Amino acid sequence: MSYIIEGRTGNWEMVIGLEIHAQVISNSKLFSGSPTDFGADPNSQVSFVDAAMPGMLPVLNKKCVEQAVKTGLGLNAQINLYSAFDRKNYFYADLPQGYQISQLYHPIVGNGKIEIDLEDGTTKFIGIERIHLEQDAGKSVHDQHPTKTYVDLNRSGIALMEIVSDPDLRSADEVAAYIRKIRTILRYLGTCDGNMDEGSMRCDVNVSVRRPGEEFGTRCEIKNVNSVRFASQAIAYEAARQVEILEDGGTIKQETRLFDANKMETRSMRSKEEAHDYRYFPDPDLPPLILEQSYVDAIKANMPELPDEKKARFIKDYGLKAYDASVLVADQARAHYFEEVAKNCKDPKLATTWVSVELFGALNKSGKTIEDSPVSSDYLVELIALIEDNTISGRIAKDVFAEMIESGKKPGDIVEEKGLKQITDSSSLDPIIDQILSDNTDKVEEYKSGKDKLFGFFVGQVMKQTGGKANPKMVNDRLKEKLQ
Amino acid sequence: MTNISDLSLVELKEKMTNKELSSREITETYIQRIEQHKDLNAYVMTDFDRALDAADAADKNYAAGNAGLLEGIPLAIKDLFCTKDLRTTAGSKILDNFVPPYESTVTSNLKKDGAVFLGKTNMDEFAMGSTNRTSAYGHVISPWKANGSSEDLTPGGSSGGSSAAVAARLCVGATGTDTGGSIRQPAALTGTVGMKPTYGLCSRFGVVAFASSLDQAGPMTRTVKDTALMLESMAGHDPKDSTSAKVEIPHYAGLMTGDVKGLRVGIPKEYSIDGLPAEISALWSKGAEWLKARGAEIIEVSLPHTKYALPTYYVLNPAESSSNLARYDGVRYGHRVESDDLNEMYAKTRGEGFGNEVIRRILVGTYVLSAGYYDAYYTKAQKVRRLIVNDFDAVFKDVDVLLTPTSPSTAFPLNQDETDPVKIYLNDVFTVTVNLAGLPGISVPAGLAEDGLPLGLQLIANRFDEARLFNAALALERDAKFTAKPEGF
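Those protein sequences? They're chains S and P, same order as listed. When we follow the numbering used here, the leftmost residue of the first sequence carries the number 1, and every step to the right adds one. When we follow the numbering used here, the leftmost residue of the second sequence carries the number 1001, and every step to the right adds one.
Because the hints were derived from the structure by calculation, they are not lab data. The model shown is predicted, which means the values in this text are computed figures rather than measured ones. Even glycine gets a Cβ: it sits at the ideal position worked out from N, Cα and C. Be aware that a few hints might be false.
Claimed, not checked - Simulated DEER-style distance windows between Cβ atoms: (1) P:Glu1352 - S:Asp41: 28 to 36 Å; (2) P:Val1337 - S:Glu274: 24 to 32 Å; (3) S:Gly39 - P:Glu1352: 55 to 63 Å; (4) S:Lys62 - P:Asn1097: 32 to 40 Å; (5) S:Ser294 - P:Pro1250: 57 to 65 Å; (6) P:Val1337 - S:Leu81: 44 to 52 Å; (7) S:Glu274 - P:Arg1087: 39 to 47 Å.
As the list claims (entries may be wrong) - Keeping only pairs whose Cα atoms sit at most 35 Å apart, straight-line, the calculated DSBU-like set for lysine-lysine is: (8) S:Lys63 - P:Lys1383; (9) S:Lys139 - P:Lys1084; (10) S:Lys62 - P:Lys1383; (11) S:Lys88 - P:Lys1246; (12) S:Lys300 - P:Lys1240; (13) P:Lys1383 - S:Lys88; (14) P:Lys1380 - S:Lys253; (15) S:Lys63 - P:Lys1084; (16) P:Lys1481 - P:Lys1015; (17) P:Lys1348 - S:Lys223; (18) S:Lys63 - P:Lys1112; (19) S:Lys139 - P:Lys1348; (20) S:Lys451 - S:Lys473; (21) P:Lys1246 - S:Lys62; (22) S:Lys62 - P:Lys1380; (23) S:Lys63 - P:Lys1240; (24) S:Lys365 - S:Lys346.
What the hints assert, rightly or not - Which residues of chain S face chain P? A few of them, derived with a C-beta cut under 8 Å, are: (25) Phe48; (26) Ala52; (27) Pro54; (28) Pro58; (29) Val59; (30) Leu60; (31) Phe91; (32) Ala93; (33) Pro96; (34) Asp277; (35) Arg279; (36) Phe281; (37) Pro284; (38) Asp285; (39) Pro287.
Model the full assembly from the supplied sequences, consistent with the hints where possible.
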């Protein structure tokens, strides 16, 4: 999909690369045994190592390494059997060591790629440049005191994976699709919970613009982009800003900019000249991380089914359309629910409609997640079975479903209680039809003289009389026969 | 009877085992001596109450027949080791009020083996120095005086409080740390034995970090055997230090015979530097002759990159220290100068809290790591370090140990007007290579110079070859027969 910014002087294209910081799911921090629970009391999850007390040393958490390898495999990337940790030096009150331990020179994961699904049904491959492990900093809290800043070190030392994309993204929509896809994959893998509002996934966005086909322009890095929506807004603003400068004959200054979600704009944070000199060098406290190929293979052998594989399978097994399948697999729990229903139904198309349209629609309306769906997959299977064996019609099924959402009752019980069973025998239906035809002899005449549209009137009358319970096909068949 | 304070660790253990002496008696003797010689400024902090409690506990263990390796032995701890509930300053004002809530692995090991801690010894600030003049707590005075002089001399550094305390009989042994020679050089200058183990043998956990890839803790005592016993207690794998080696620690003292028949001793020709005093050269030759007389084979060897060792060391060491010392920012612990602005708070805290030598190393380290200079300095230095390691690896194919002088001079006056840091750094010329290559090295007192001050010889072995190193050192010690002690101690 091409996305063009039409400027006053011609067309522009945006070039975007992302750095996603994903908090690793692990019980303890990257280099210490402190717990990592979100929302704990400030400074209650801080070890001597996290607080950088004198003489404290980092010890690498194996679980975090496993999670990074798993993530690398999930993003179809090269796992580097040799990687090493470097110190990124800078001063800040919430950075106790005065450096962050990261992996600049030898990251644990190298080149990879993922496929993103766009709304027009097309897909696109986005390159992954690298993933490295690093420590998170603590949190500075500026709004608790008029003149003081408080520091909470609970987050200090928690493991992050920095996932760096190639500059392959060309629109805000692609960026949104990319972030969502990464999030989905990480959630499938169980390596990051992807909760952007809790800060466990954050991104920095690198944006530049160029004339289509020309060399890359100068980029600006936008920090503090903490939702998919903000990413789209920040990119749109930033690209427009850069185009305007260029069209006015100016040049783009390489700089770090901050996204202000309230004003919906980016503003300069520091210029290239003011950029930190991080003085990276290999951390002498940590020997290089050497992995065995057999270790990587063992992780590979235990990988869960990933969204792309699931999507392909859903298309093949259940006849889903590509985009529908990609939307469905985006949420692991929803995909699982769907599959529980689809594999137990004769007609997977029916399953698709009932899960994707009816159930998801109802859940969205009530703001509920699939986890607290009032309708279990078993009950939905039963409801669909009632349609498939003609016990109820599709229309009645909607009423039953509404009742299920409301009360959580079994569909069979609802049908039984309310007497909603479909009328499927002609001996019950014929007297009703005969009565309607004799009550409307004028309309029967008109129909017979060529007013075909009146057929619908008769169907409607039968449905009205039967409270919608008549089998629609049988109503059609009997009416046609009797009106001949 | 010999003075209690002149008995070695081995002798004291024997006497306590035989109930001829109690740890309390020994500890009280040392406490009294420390009080008596406060003017040396060897200790920055004493802990006598707990020392006496530990001594009593040790006596009970002797009585019960379950005495540990160092049971009841009074030791001094360099103030770079974090000691639980006992102030630890690293010789710096910036940690003036720092009381660690934890214990270093090395000192824990010593305590577990029954050692009694008398207190914390003075040192160059953050172990940066070889004269003990950079301490924020005043310099340490060596118990030694040159012939016919009353001038105060350096005890060496950075473990100068420890070396002075061992030489002045203010403790039986002391811990030191050695990043570029900080155990061996002060040992040489005070007529004591100082040993730097293979990198990774002693855990660095709880030792205030200076230059992480070079730092090693080690023992300082008055005899080679005492040093071996102390090391046996201090060393061992520690999962809390990722660079800690997974090796078994043998009972070194039990393996030491002094028999060096067939031992191949290398004499590196590059260590005959210009301006090396003749008496040091002579002592070096004498050392070789002693070993030869005992059946060792003396082989001249070459370590061609030796001349690059000092500049390499003085790039890597400040680079690592500049980063290691970033944590002293006044935010969480230690000295703080309040300010309304964070950057100003950092600048004032660090400007006030650090001394000149520390500031110099931070500046140099920051410079060599900065964009545009990193490759020219840091990367280049790492490459040269590799060449120096290769030099040693090659030489240890042909020899078992190397013999060199420890220091290019005897102790010099503390008030010597030397302000050129490069000249001061030259004190490390024979010792830094060992740190760069991660090897074990030991300084053994080998004689007195014409000025009446001690001189040491250094033995260097291959990585984890401590047992052989101690054995060679024992042979050297037997022939050197160093019995001199500072007058009045």
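Do the hints match the structure? See the list:
Between Glu1352 of chain P and Asp41 of chain S the beta carbons are some 33 Å apart, a value that agrees with the proposed interval 28 to 36 Å. For the hinted restraint 24 to 32 Å between Val1337 of chain P and Glu274 of chain S, the CB-CB distance of approximately 25 Å keeps it satisfied. The hinted range of 55 to 63 Å is not satisfied by Gly39 of chain S and Glu1352 of chain P, whose Cβ atoms lie roughly 39 Å apart. Lys62 of chain S and Asn1097 of chain P have their C-beta atoms about 37 Å apart, which keeps the hinted 32 to 40 Å range intact.
Taking the beta carbon of each, Ser294 of chain S and Pro1250 of chain P are about 34 Å apart, not inside 57 to 65 Å as hinted. Range check, Val1337 of chain P to Leu81 of chain S: about 48 Å between beta-carbon atoms, so the 44 to 52 Å window is met. Range check, Glu274 of chain S to Arg1087 of chain P: Cβ separation about 40 Å, and the 39 to 47 Å hint holds. Our distance criterion of 35 Å between C-alpha atoms is met by Lys63 of chain S and Lys1383 of chain P, whose separation comes to about 33 Å.
At roughly 29 Å between alpha-carbon atoms, Lys139 of chain S and Lys1084 of chain P fall within 35 Å of each other, so this suggested pair holds. Distance hint between Lys62 of chain S and Lys1383 of chain P is fulfilled; the C-alpha atoms sit about 30 Å from each other, no more than 35 Å. About 29 Å separates the Cα atoms of Lys88 of chain S and Lys1246 of chain P, which keeps this hinted pair within 35 Å; it holds. Annotation: proposed proximity of Lys300 of chain S to Lys1240 of chain P holds, straight-line Cα distance about 30 Å (limit 35 Å).
Straight-line distance between C-alpha atoms of Lys1383 of chain P and Lys88 of chain S comes to about 21 Å, which keeps the hinted pair within the 35 Å bound. Distance check on the hinted pair: Lys1380 of chain P and Lys253 of chain S sit about 33 Å apart at the alpha-carbon level, within 35 Å; holds. At roughly 31 Å between alpha-carbon atoms, Lys63 of chain S and Lys1084 of chain P fall within 35 Å of each other, so this suggested pair holds. A hinted pair counts as satisfied when its Cα atoms are at most 35 Å apart, and Lys1481 of chain P with Lys1015 of chain P qualifies at roughly 23 Å.
Distance hint between Lys1348 of chain P and Lys223 of chain S is fulfilled; the C-alpha atoms sit about 30 Å from each other, no more than 35 Å. Proximity of Lys63 of chain S to Lys1112 of chain P is assessed by CA-CA distance (about 32 Å); at most 35 Å being required, the pair is judged to hold. A hinted pair counts as satisfied when its Cα atoms are at most 35 Å apart, and Lys139 of chain S with Lys1348 of chain P qualifies at roughly 23 Å. In summary, the hint linking Lys451 of chain S to Lys473 of chain S is supported, as the alpha carbons are separated by about 21 Å, within the 35 Å threshold.
Under the criterion of a C-alpha separation no larger than 35 Å, the hint pairing Lys1246 of chain P with Lys62 of chain S is consistent with the structure, at around 18 Å. Proposed proximity of Lys62 of chain S and Lys1380 of chain P is supported: the alpha carbons are some 32 Å apart, at most 35 Å. Using a Cα cut-off of 35 Å, the hinted pair Lys63 of chain S and Lys1240 of chain P holds, with the two alpha carbons roughly 17 Å apart. At roughly 28 Å between alpha-carbon atoms, Lys365 of chain S and Lys346 of chain S fall within 35 Å of each other, so this suggested pair holds.
Annotation: Phe48 of chain S was flagged as interfacial toward chain P, and the flag holds, the nearest CB pair being 6 Å apart, inside 8 Å. The closest approach between the C-beta of Ala52 of chain S and any C-beta of chain P is roughly 4 Å, which is under the 8 Å cut-off, so the hint is satisfied. Taking 8 Å as the C-beta cut-off, the interface hint given for Pro54 of chain S holds, the closest approach to chain P being about 5 Å. Annotation: Pro58 of chain S was flagged as interfacial toward chain P, and the flag holds, the nearest CB pair being 7 Å apart, inside 8 Å.
About 6 Å separates the beta-carbon of Val59 of chain S from the nearest beta-carbon of chain P, less than 8 Å, and the hint is met. For Leu60 of chain S, the interface hint holds, since its Cβ comes within 8 Å of a Cβ in chain P; the closest pair sits about 7 Å apart. Look at Phe91 of chain S: its Cβ gets to within about 6 Å of chain P, closer than 8 Å, so that hint holds up. For Ala93 of chain S, the shortest C-beta to C-beta distance to chain P is roughly 5 Å, which falls under 8 Å, so the interface hint holds.
Taking 8 Å as the C-beta contact cut-off toward chain P, the hint placing Pro96 of chain S at the interface holds, the least distance being around 6 Å. Here the hint on Asp277 of chain S is kept, as its CB sits about 5 Å from the closest CB of chain P, short of 8 Å. Contact between Arg279 of chain S and chain P, as hinted, is supported at the beta carbon level, the nearest pair being about 4 Å apart and thus within 8 Å. Annotation: interface hint on Phe281 of chain S holds; nearest CB of chain P at approximately 6 Å, less than 8 Å.
Contact between Pro284 of chain S and chain P, as hinted, is supported at the beta carbon level, the nearest pair being about 4 Å apart and thus within 8 Å. About 5 Å separates the beta-carbon of Asp285 of chain S from the nearest beta-carbon of chain P, less than 8 Å, and the hint is met. Because the smallest distance between the Cβ of Pro287 of chain S and any Cβ of chain P comes to about 6 Å, under 8 Å, the interface hint for this residue holds.
Of the numbered hints listed earlier, those contradicted by the structure are 3, 5.
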